[in-house]
Amino acid sequence: PYDNRLLGVFWMSPLQQQYLICYIDIVQTDNMCQTNWFNMYLTLLVVVDNNTRTWLVAQSLSDDETTESYEWFFECLINATHNISPAVLFSDAEPALISAVALKLPETHYFLCAFYIQENIRKNLRSKLGRNFDEFYKEFLHTRNSTFEEDFFR
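The opening position of the sequence shown corresponds to residue 1 in my numbering, with each subsequent residue numbered one higher.
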């Protein structure tokens, strides 16, 4: 049955399609939860060009944040890029998104964005580590930002 309710809309300009196809190796997506007038979920996809400029290349509004909604988003994306998939996708740890990537973009490697890892460390470890947190966090950032493998394994 139909209830005349918008379930989702996906859009890309021709220029956004060009940027996505050109810089599709690594993409990042984020979803904003019901912060707009329509009370819908806004999904944004960005790429970074060879001059380190970030470009918004795809966006959608959907009525929920389910695996099916993310599958639909990725189907639209694949259609817009003529079946080209990103090599790498960064995002948060949204379980529905992770499932949809595995189902619709099986060749794409999924990684957590460092920002979200940092936020989760602050949120979940500060109280557990107490006064040791600041030293731990300093060491974590040093390790995360290091270009030396030895720092990672120490």
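Any given hint could turn out to be false.
[Said to hold, decoys possible] For each label pair, taking beta carbons as the anchor points, the in silico distance ranges come out as:
(1) D3 to I117: 36 to 46 Å
(2) F133 to F38: 21 to 31 Å
(3) L44 to Q118: 14 to 24 Å
(4) Y2 to A96: 22 to 32 Å
In case anyone wonders, no lab produced these hints; they're calculated from the structure. The model shown is predicted, which means the values in this text are computed figures rather than measured ones. From the three backbone atoms N, C-alpha and C, an ideal C-beta is built for every residue, glycine too.
Looking at the structure, which of the earlier hints fail to hold?
2
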